[in-house]
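S.K.: The lines below spell out each chain.
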Amino acid sequence: MTPRHHPLPETLISYAAGTLPNAVACVVACHLTTCRDCAENARRFEILGGLMLERLETASVDHARTEDALAQWSAERIAGEPEPDQPPDIERALIPPPLADYIGMNGGEEVPWETVVNGVQQYRIDLPKGSGQMRLLQLRPGQCLPKAPRATEIGLALVLQGAVTNKTGDYLRGDVIDWTEETGLQPRASGNVDCICLVASDAEPAGLAMTLHELRRLGRKASPSRRQLRDIWTQSASLAASVALLLGIGVGWLLRGGPETGAIGLDNLVSIEDGRLLARGPLQEALNSLPSGAPTAAIPDDGELRLGIKMTFQDQDGDYCRQYRIAAASAARYSGVTCRMGEEWVVKVQALVPPSPSAADQTIPAGAGADAAMDAVVRALIAGDPVVGEDEAAIMNKGWKK
Amino acid sequence: MGDQPKEISNPEDDRVFRYLFLTFFPKVRAMLIRQGAHKETAEEIAQDTMLAVWRKSDQYSSDKGTISAWIYAIARNLHIDRLRKQAVWQRDCQAFETMKQLQNSTTELRSWEQERSEIERALGTLPPEQLQVLQLSFVEGLSQTEIASKLGLPLGTVKSRMRLAFENLRFAGERDA
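Chains A and B, in that order, are what the protein sequence lines are. Counting from 1, one number per residue, gives the positions in the first sequence under this note's numbering. Counting from 1, one number per residue, gives the positions in the second sequence under this note's numbering.
Mimicking EDC-like on lysine to aspartate or glutamate, the simulated pairs with C-alpha atoms at most 16 Å apart in a straight line are:
id	chain 1	residue 1	chain 2	residue 2
1	B	LYS85	A	ASP126
2	A	LYS401	A	GLU344
3	A	LYS402	A	ASP317
4	A	LYS398	A	ASP319
5	A	LYS398	A	GLU344
6	A	LYS129	B	ASP81
Hints listed in this document are in silico derivations from the structure and should not be mistaken for laboratory results.
Assemble the whole structure, with the sequences as input and the hints as a guide.
M.R.: Here it is as structure tokens:
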């Protein structure tokens with residue numbers, strides 16, 4: 001079948017010039033295996049590249065270098081090992097040759113899918129640093145992609161199986177959706193079979209996403225400096241403005257001893273292990289068993305702290321996450337997001353909310369200060385809808401296992 | 001450049017390789033330096049480009065494309081592999097091979113030399129701002145975002161200039177016909 005949707009002209013030009021983000025170039029290369037028009041255009045622009053190479057003004061090569069090169073050529077000739085290119089086997093498998101060769105799946109191997117949310121699976125493809133992001137996505141019929149990947153300059157999606165509908169049109173096998181941050185990508189599987197797409201974008205984490213990415217990265221390191229975290233957080237200035245102090249993974253419970261904390265025993269709520277900040281004690285218990293929106297639970301020991309869960313959701317890795325709040329008798333309030341990793345709740349972000357008159361009554365008002373910042377964090381992490389009611393209870397009963 | 005050899009697979013003919021080396025080695029080296037390679041690295045990759053021309057010489061013939069396009073593609077791929085240390089998805093001859101397989105038996109592949117002549121003519125009539133973005137892409141190796149930054153233009157302007165250049169070059173042959 002001849003594809004009907006193609007990469008945009010500027011995308012093909014950049015592909016031929018070798019300047020596309022590496023992940024995006026892979027999608028174009030895969031598309032070219034089934035699209036004669038685009039293959040012809042790409043070759044046309046390689047001819048253009050060759051012409052521009054011919055036109056470069058350069059100094060001549062010295063005689064000695066020429067003779068050296070020819071001598072090397074002679075040696076190669078004696079070795080006699082020409083390297084013939086094998087033409088791609090176009091009608092082969094689900095995954096086109098350029099990618100199949102890279103991920104070692106050119107023999108019809110099963111794709112090692114991981115579940116993102118119900119009806120959506122992904123296989124993230126590891127690429128060298130700076131290559132952008134690339135993944136295979138599988139959508140059940142009727143299923144939408146819960147959260148569009150980011151693409152600041154360019155993103156491409158290639159349909160490998162089934163059919164999808166995007167706001168830009170209907171797409172079948174071999175078709176390419178060329179999208180940017182402005183045009184967006186929100187495909188829905190529109191056929192009767194699972195839809196599989198290869199999705200790539202140039203986006204390295206930026207803005208808030210950079211913050212979270214860096215926090216994760218630092219979380220894998222032991223004891224990043226407070227300055228590092230401050231620098232990262234200030235990249236997201238609008239959020240930082242609403243938060244008096246933000247703490248990330250692995251730096252310890254820096255709230256302790258702060259001006260508003262008084263004698264609160266926050267040490268009991270977390271511990272640092274392997275560079276990760278883990279929920280402990282009453283916080284861990286509340287995260288394990290307190291439904292979203294339930295009346296806040298007082299910490300049994302002294303009743304000075306009250307804990308509440310605002311929301312439960314799955315992130316793009318399919319991990320369960322919970323947004324929580326802590327209120328103290330001293331009027332200090334905190335808001336945070338934690339995600340379930342194995343048997344642990346790993347604190348992703350924790351913020352101290354500036355004191356407000358309404359905090360004094362030990363209720364936990366929503367909406368302002370760090371809550372707004374945390375809402376933004378949730379929006380950056382969440383895949384699909386919040387998990388509520390019976391679904392949340394069922395997951396809780398299963399011990400938060402994916 | 002119009003008298004480039006049609007075939008380069010005769011291993012007994014040093015004159016062909018000498019011609020190609022003298023012609024293209026300095027150009028590939030200069031292009032790579034413009035694309036940010038250190039002089040020594042550029043020389044090394046340029047040398048390897050020309051060696052690849054030798055190793056793959058039995059695969060080349062003028063009906064597969066122009067020699068300069070082929071050498072450009074080899075250099076581009078080595079640049080991606082060696083300098084950026086990223087995956088190379090494009091085969092040196094991939095576009096051609098794919099086209100050959102997709103070829104409808106009732107149609108003929110166009111002559112690449114004819115195509116080259118048409119593109120060369122079209123380049124001469126391309127508005128300067130369109131030519132500029134092509135040069136920055138193919139010679140300087142800049143991405144669309146980098147071009148926008150260098151020229152102080154919105155990214156959308158760079159994209160639209162590329163799109164116009166695409167149309168001008170794509171239909172050059174049809175206009176000439």
